[in-house]
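For this one, chain G is given, so just place chain W with the ligands on it according to the hints.
Chains as they are written, first to last, in the working numbering: chain G, 40 to 318; chain W, 32 to 363.
The hints are simulated quantities; they were obtained by calculation from the structure and are not laboratory data. The beta-carbon is built from N, C-alpha and C at its ideal position, and this holds for glycine as well. Careful: at least some of the hints might be erroneous.
Claimed, not checked - Going by beta-carbon spacing under 10 Å, a handful of chain G positions derived as facing chain W:
(1) K50
(2) R142
(3) R162
(4) I163
(5) D210
(6) N213
(7) A214
(8) L220
(9) S221
Said to hold, decoys possible - Facing chain G, a subset of chain W residues (Cβ under 8 Å, in silico):
(10) L83
(11) S104
(12) Y118
Stated by the list, open to error - Here are some chain W residues the structure puts well away from chain G; computed CB gaps all over 10 Å:
(13) D96
(14) A109
(15) M110
(16) E159
(17) T230
(18) A275
(19) I342
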Amino acid sequence: MNKARTNPFNKTAMHGALIIYTLIALFPVFVILINSFKTRKAIFREPLAMPDSESFSMIGYQTVMKQGDFFLYFQNSMIVTVASLFFVLLFGAMAAFALAEYRFRGNLWMGLYLALGIMIPIRIGTVAILEMMVATGLVNTLWALILVYTAQGLPLAVFILSEFMRQVSEDLKNAGRVDGLSEYTIFFRLVLPLVRPAMATVAVFNMIPIWNDLWFPLILAPAEETKTLTLGSQVFIGQFVTDWNAVLSALSMAILPVLVLYVIFSRQLIRGITSGAVK
Amino acid sequence: MTALSLTNVNKSFGKVHVLKDISFEVEDGEFVVFVGPSGCGKSTLLRVIAGLEDATSGEIKIGEDVVNLTPPSKRGIAMVFQSYALYPHLNVRGNMSLALKQEGQSKNVIAERVNKAAAMLNLGEYLERFPSELSGGQRQRVAIGRAIVREPKLFLFDEPLSNLDAALRMNTRIEIANLHKQLSASMIYVTHDQTEAMTLADKIVVLRDGRVEQIGSPMDLYNNPANKFVAGFLGSPSMNFFPAGLVSEGDDRTIGIRPEDLFVAEDGALSATVTHVEKLGGDTNVVARLDSHQITARLFGQHDVEEGTGIRFGFAPERIYRFDQEGARLSQ
Ligand SMILES: Nc1ncnc2c1ncn2[C@@H]1O[C@H](COP(=O)(O)OP(=O)(O)O)[C@@H](O)[C@H]1O
Ligand SMILES: [Mg+2]
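So here's chain G without its partners, still in its complex pose (with noise of 0.2 Å):
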């Protein structure tokens, strides 16, 4: 079969470059986490050295614990995520099997439409954005983040989804019209798990952008009861002094559910790829 699989000077190779690359990009993780367990003076003078009992200390956890609600920022990045991946997928896959299964008037026309959002920076109508939030009274809520991260997600959700929709058996489709299942259900029971692995990918790209953002909610939700987790920590990134204790530990406790959010996804990813065809 596959030469390159049984050979096994190339798997070894394989498996090294791999293991590269994973420590190197696993390494900036892994001195963040390090040093938010080390006293201020041992981050300067030794930032690579682990821990140990003379440098350990916990207090950039307890002022990140102390300073400002930080389970609430925490909540707030939580649900601000979640709801716009949950919005930005069901749209976005609702948008795409239209585009793919439906032929009408400008259908072309309405895909590129969507799609031009790809190459439009969605900062660039901030202005206007805010605007808008103000009018409707959504300032400093939630909502108005989920509102911009979903409109923010879906064109390259659109562009992704519709083309796999596209390669979702017809006769499936078909059989299930046949059977007198509604275009919802054959959209949600026979299309949507076939397409779970370009979901999740489309999960996965949507996700860490949104986490991470600072700018819309410094623009659109800084009051303290909205804050999200990237603008919260921003306290302790001061003009002139930096609580680097508090910033790396921040940090550390934000990337725990990027990560379980991440683990989710991938699982999704690989079990869609490997469950059974239609055929």
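Leaving out everything else, chain W with the ligands in the frame of chain G:
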């Protein structure tokens, strides 16, 4: 009574005119086969009948009702697809009962019909399996079972055997023929394979480029093809064609003769060179070059014919067909 009648049905996708003025009828209990080369519009025609595509113009009647605007599930039809199209998330029982659930049938009726169909198709022991755990032939039977349980007025099959291997194809073909006898339902069956058409059909509809070329019983079409296309499409090996000029000077018509109507004769009218011999045991197919045309003779029994040697074929004059330049059949 007629189970289905189409009157001047046309279908265009944008500028592409796929079905052109199709009219025919399917009688109650009849087995009708649409046959034609790939891309001639067979599947499109079937989808128009099923209601999965709207006809651009023309009338479709199932039983007494005009169904142009009726959705597929309300037309009293059931369809079997080439790719099986089983629902991957449901097991065999779930696949077979879904349509009945949608119709709102009671649990008892569903169980009874599913069990009956499963028994008919020898699927009893697979009812709890998922499609991914079945072989190709079993999946095809499930797809057929899914159609049977609905007890439709009209069955539609779209090339149901083309994904099966040769041995299984023959068995399933016989199964479908038996099914037709048991259910005495009307069936429409699409195929590009003339053998399936000849063996299964009560009536064959030959299609080419979205047009009906000829309609008739298999033997009608075989013995009385309306044109060169139908003559060449039905029968295997297919009919031989050569210019009539080869046997009678100055004749510009085309002659067609079936391989089994050629025989080896010392004083035969056709002098050819043998290029290939296929010995099938029961028959021997002799492929030869006649001028620049390839002709095939099907000789009954076993014959020793040397490749590369000259050979003369004779034929009975009443067995030949004549066609004009456009391919239309001429009456001698
Ligand atoms: N949805 C469609 N849009 C445009 N053209 C189509 C569509 N479906 C089928 N066709 C065209 O119609 C013709 C007949 O297709 P089809 O009915 O699938 O042929 P067959 O089943 O006989 O092989 C083909 O030329 C195909 O390109
Ligand atoms: Mg087809």
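Original post:
What hint numbers does the structure not satisfy?
Top reply: Hints 1, 3, 4, 14, 15 are the ones this structure does not satisfy, whereas the remaining hints hold.
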